[in-house]
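S.K.: Residue-level listing of the chains:
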Amino acid sequence: GQQLNQSPQSMFIQEGEDVSMNCTSSSIFNTWLWYKQDPGEGPVLLIALYKAGELTSNGRLTAQFGITRKDSFLNISASIPSDVGIYFCAGPIYNAGNMLTFGGGTRLMVKP
Amino acid sequence: SAVISQKPSRDICQRGTSLTIQCQVDSQVTMMFWYRQQPGQSLTLIATANQGSEATYESGFVIDKFPISRPNLTFSTLTVSNMSPEDSSIYLCSAAGGQETQYFGPGTRLLVL
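From first to last, the protein sequence lines are chains A and V. So in my numbering, the last spot in the first sequence is 1505, and the numbers never skip. So in my numbering, the last spot in the second sequence is 166, and the numbers never skip.
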């Protein structure tokens, strides 16, 4: 099936450090989405990627669509306390319209 | 992007009772979805809420337990029926955006005693 494997599961970093997380699959995806879920809230879309090799930034966040179309990376530069939350990768299920499958999430904790 | 609201935001319920969660979108959308997120876990799709027809349920979820309504293009409800403590979870609705994206509501936090 189209499962997404996300790593690491959790990270505990110092404020100001850069963060990198990734998402891999044995299946090809034509779209990669990255969401952030703040504590007590629903997921919010951060970045959407639609082309292999694409590199897209949103402020301090940068995400890349892997050339093989089987992976994607999210980097956060100069982390701040409000970066705390769970980051999910997601991709559309093949031939299922707008249905998405989600990775297991990366829980980020930032120490001031 | 769509703005989505959910009611209630949280509830504590007794086992054996039912709770209906409402989801309102600020614009007409073709597809709406309901997810469950158990503590510390990722999102699991319960069903796709279809306007004008029965919802499409994912494996492991049935209509008798999770009846869904979709009376129009901006509103849907999910009922969690005959609740047990195992139903304690966050329930999220989402709406399809453009280009294969989805936008999520804030979630309903349910605790079943």
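No wet-lab data here; the hints were simulated from the structure. Virtual Cβ for every residue (Gly too), placed ideally from N, Cα, C. One or more of the hints may lead you astray.
Unchecked claim - Covered stretches of chain V, going by a simulated chain A footprint (3 or more residues, C-beta under 8 Å):
1) 93-100
2) 154-161
Unchecked claim - Computed list of chain V residues with no C-beta within reach of chain A, every gap over 12 Å:
3) Arg63
4) Val82
5) Gln90
S.K.: Take the hints in turn and mark each one as holding or not.
M.R.: Evaluated hints:
1. Here the region 93-100 of chain V counts 4 residues with a CB under 8 Å from a CB of chain A, which clears the bar of 3, and the coverage holds.
2. A count of 7 residues in the region 154-161 of chain V with a Cβ less than 8 Å from any Cβ of chain A is obtained; the coverage claim is therefore met, three being the minimum.
3. The non-interface label for arginine 63 of chain V is inconsistent with chain A: the shortest C-beta to C-beta separation is roughly 9 Å, within 12 Å.
4. Distance to chain A contradicts valine 82 of chain V as a non-interface residue, since its nearest Cβ pair spans about 10 Å, not more than 12 Å.
5. Some Cβ of chain A comes within 12 Å of the Cβ of glutamine 90 of chain V; the nearest lies about 9 Å off, and the non-interface call is violated.
Of the numbered hints listed earlier, those contradicted by the structure are 3, 4, 5.
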